[in-house]
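Chemist: Sequence:
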Amino acid sequence: MEPFKKEEMTTMVGCMNKLQSDGYTENFIAKERGLEAPSNKKVYTPEQIKINSFYRFEGESDPADNAIVYAVETNDGIKGMLVDSYGGPYADRKVSQFITEVGDITKKEPHT
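The sequence shown begins at 3 in the working numbering and counts up by one.
I should point out that these hints are in silico values taken from the structure, not numbers from a laboratory.
Note that the coordinates shown come from a computational prediction; the quantities given were computed from them, not determined experimentally.
For glycine and all other residues, C-beta sits at the position ideal for the given N, C-alpha and C.
Worth double-checking, as some hints may not be accurate.
[Stated by the list, open to error] If you anchor each label on the Cβ, the simulated ranges turn out as follows:
#, residue 1, residue 2, range
1, 103, 23, 15 to 21 angstroms
2, 106, 23, 32 to 38 angstroms
3, 25, 105, 18 to 24 angstroms
4, 23, 102, 26 to 32 angstroms
5, 103, 16, 18 to 24 angstroms
[As the list claims (entries may be wrong)] Here are the simulated DSBU-like cross-link-like pairs (lysine-lysine), alpha carbons at most 35 angstroms apart as the crow flies:
#, residue 1, residue 2
6, 109, 44
7, 81, 52
8, 96, 33
Hey, can you work out the whole structure from these sequences and the hints?
Modeler: What follows is the structure in structure tokens.
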């Protein structure tokens with residue numbers, strides 16, 4: 003990932019735009035069997051992906067607005083994002099379960 007300016011990552015939309023410009027173009031969907039890449043309908047298991055980074059966003063007034071964006075890369079080179087709520091009633095249990103099974107998770111520090 004290219005270095006980014008801190009202000010690019012202060013909102014979820016800014017973060018997603020930056021990731022997309024860095025090649026994370028797939029919008030992964032959590033399924034019972036794994037993560038699906040809609041572009042090729044392939045489903046990846048936790049062993050077939052790595053999470054290159056993740057970003058948390060907290061709602062200013064409502065804890066239900068908390069979200070996390072994962073920068074995901076598959077073992078065959080597909081890069082994309084997985085978005086989930088956290089800490090509230092809108093969290094997707096399929097995402098949470100999948101993430102706990104992923105062995106390769108890295109949190110890259112932002113470059114300013």
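Chemist: Would you mind marking each hint as holding or not holding in the structure?
Modeler: Here's how the hints hold up against the structure:
1. Residue 103 and residue 23 have their C-beta atoms about 29 angstroms apart, which leaves the hinted 15 to 21 angstroms range violated.
2. Hint check: residue 106 to residue 23, Cβ distance near 23 angstroms, so the stated range 32 to 38 angstroms is violated.
3. Range check, residue 25 to residue 105: Cβ separation about 23 angstroms, and the 18 to 24 angstroms hint holds.
4. About 29 angstroms separates the C-beta atoms of residue 23 and residue 102, a value consistent with the hinted range of 26 to 32 angstroms.
5. Checked against the given bound of 18 to 24 angstroms, the beta carbons of residue 103 and residue 16, roughly 29 angstroms apart, lie outside it.
6. Under the criterion of a C-alpha separation no larger than 35 angstroms, the hint pairing residue 109 with residue 44 is consistent with the structure, at around 26 angstroms.
7. The straight-line distance between the Cα atoms of residue 81 and residue 52 is roughly 10 angstroms, inside the 35 angstroms bound, and the hint therefore holds.
8. As the CA atoms of residue 96 and residue 33 are separated by approximately 7 angstroms, the hinted pair is consistent with the 35 angstroms bound.
Checked against the numbered hints listed earlier, the structure breaks hints 1, 2, 5; every other hint is satisfied.
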